[in-house]
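Line by line, the protein sequences are chains A and B. The first sequence: position 17 = 17 (the numbering used here), numbered continuously. Remember, the numbering used here sits 1000 above the position in the second sequence when you count from 1.
It is possible that part of the hints are untrue.
Claimed, not checked - Straight-line Cα separation of at most 20 Å, EDC-like style, residue types lysine to aspartate or glutamate; simulated pairs:
hint, chain 1, residue 1, chain 2, residue 2
1, B, 1091, A, 44
2, A, 57, B, 1092
3, B, 1091, A, 78
Stated by the list, open to error - Covered stretches of chain B (chain A as the covering partner; in silico rule of three or more C-beta atoms under 8 Å from a C-beta of chain A):
hint, region
4, 1031-1042
5, 1056-1066
6, 1069-1082
7, 1099-1109
What the hints assert, rightly or not - So the derived list for chain A, only partly shown, Cβ under 10 Å to chain B, looks like this:
hint, residue
8, 33
9, 37
10, 40
11, 44
12, 65
13, 67
14, 74
15, 100
16, 107
17, 109
18, 113
Because the hints were derived from the structure by calculation, they are not lab data. Note that the structure is predicted; figures quoted are calculated from it, not measured. By construction, the Cβ of each residue, glycine as well, lies at the ideal position given by its N, Cα and C atoms.
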Amino acid sequence: DTGVSQNPRHKITKRGQNVTFRCDPISEHNRLYWYRQTLGQGPEFLTYFQNEAQLEKSRLLSDRFSAERPKGSFSTLEIQRTEQGDSAMYLCASSYPGGQPQHFGDGTRLSIL
Amino acid sequence: GIQVEQSPPDLILQEGANSTLRCNFSDSVNNLQWFHQNPWGQLINLFYIPSGTKQNGRLSATTVATERYSLLYISSSQTTDSGVYFCAVAKETSGSRLTFGEGTQLTVNP
Chain A
1 DTGVSQNPRH KITKRGQNVT FRCDPISEHN RLYWYRQTLG QGPEFLTYFQ
51 NEAQLEKSRL LSDRFSAERP KGSFSTLEIQ RTEQGDSAMY LCASSYPGGQ
101 PQHFGDGTRL SIL
Chain B
1001 GIQVEQSPPD LILQEGANST LRCNFSDSVN NLQWFHQNPW GQLINLFYIP
1051 SGTKQNGRLS ATTVATERYS LLYISSSQTT DSGVYFCAVA KETSGSRLTF
1101 GEGTQLTVNP
């Protein structure tokens, strides 16, 4: 069990640029979740996958955000035309289905200049 | 959606003291987890405890599902216990997505 891996750990970019983050879940887990955490708040749900199917998207996930999990293994989260308000920690978690505990990666911290 | 309230929001202790953190939630759940977020932002799993009582070293947790609350106990606190403690809950009917509380900021002074 190598844990959930996220890359990069930090990303600094200029407003208007596109960014992509990657999450590698624990290999046996078929559920994968993305959350966003802003300063002083708890993480908030963005979207989740069961295998390759994206089953739910939060209203927080605007049209500029897209997530994929093409082969049911790793996932990518892309943000197009970044804005200042996108600055946050982006966290990925994985689990078995059915209310099982979620295991989190170390996150990607995004800073928009 | 489910509401999660944590108390107290801030807690300052002297090393060696004991503390109790509380988490109230507004609906029945099938997942409840306690996390410790360290200064580097890492979320460390402490307990998966949708019901019952568990202990791990100086930490223990109790969830009373019928009354919709959970308690996290920290005994003989150490400076390394400092950080933010989050409670998070989920329902399978909502895809088991976690809803987090606002957290308790714990500071343990030497």
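So, going through the hints one by one against the coordinates:
Between residue 1091 of chain B and residue 44 of chain A, the direct Cα distance comes to roughly 15 Å. Compliance with the 20 Å bound is thereby established for this hinted pair. Only pairs whose Cα atoms come within 20 Å are accepted, and residue 57 of chain A paired with residue 1092 of chain B is accepted, the gap being roughly 15 Å. At roughly 27 Å between alpha-carbon atoms, residue 1091 of chain B and residue 78 of chain A are farther apart than 20 Å, so this suggested pair is violated. With 6 residues carrying a beta carbon less than 8 Å from a beta carbon of chain A, the region 1031-1042 of chain B meets the three-residue requirement, and the given coverage holds.
For the region 1056-1066 of chain B, the stated coverage by chain A is not satisfied: 0 residues place a CB nearer than 8 Å to a CB of that chain, which falls below the threshold of 3. By the rule of at least three residues with a Cβ nearer than 8 Å to a Cβ of chain A, the coverage given for the region 1069-1082 of chain B is violated, with 0 such residues. Look at the region 1099-1109 of chain B against chain A: 5 of its residues bring a Cβ nearer than 8 Å to a Cβ of that chain, three or more, so the hint holds. For residue 33 of chain A, the suggested interface contact is upheld, since its CB lies about 6 Å from the closest CB of chain B, less than 10 Å.
Restraint check, residue 37 of chain A versus chain B: the minimum CB separation of about 8 Å is within 10 Å; hint holds. Interface restraint check for residue 40 of chain A: the shortest CB-CB distance to chain B comes to about 8 Å, inside 10 Å, so the restraint holds. Interface hint status for residue 44 of chain A: upheld, as the beta-carbon distance to the closest one in chain B is roughly 7 Å, under 10 Å. Taking 10 Å as the C-beta cut-off, the interface hint given for residue 65 of chain A is violated, the closest approach to chain B being about 16 Å.
For residue 67 of chain A, the interface hint is violated, the least distance from its beta-carbon to any beta-carbon of chain B being 14 Å, above 10 Å. Residue-level restraint check for residue 74 of chain A is violated (minimum Cβ-Cβ distance to chain B is 20 Å; threshold 10 Å). Interface restraint check for residue 100 of chain A: the shortest CB-CB distance to chain B comes to about 7 Å, inside 10 Å, so the restraint holds. A least Cβ separation of about 6 Å between residue 107 of chain A and chain B falls short of the 10 Å threshold, and the interface hint therefore holds.
The criterion of a C-beta within 10 Å of any C-beta in chain B is met by residue 109 of chain A, whose closest approach is roughly 7 Å, and the hint holds. For residue 113 of chain A, the interface hint is violated, since its Cβ never comes within 10 Å of a Cβ in chain B; the closest pair sits about 20 Å apart.
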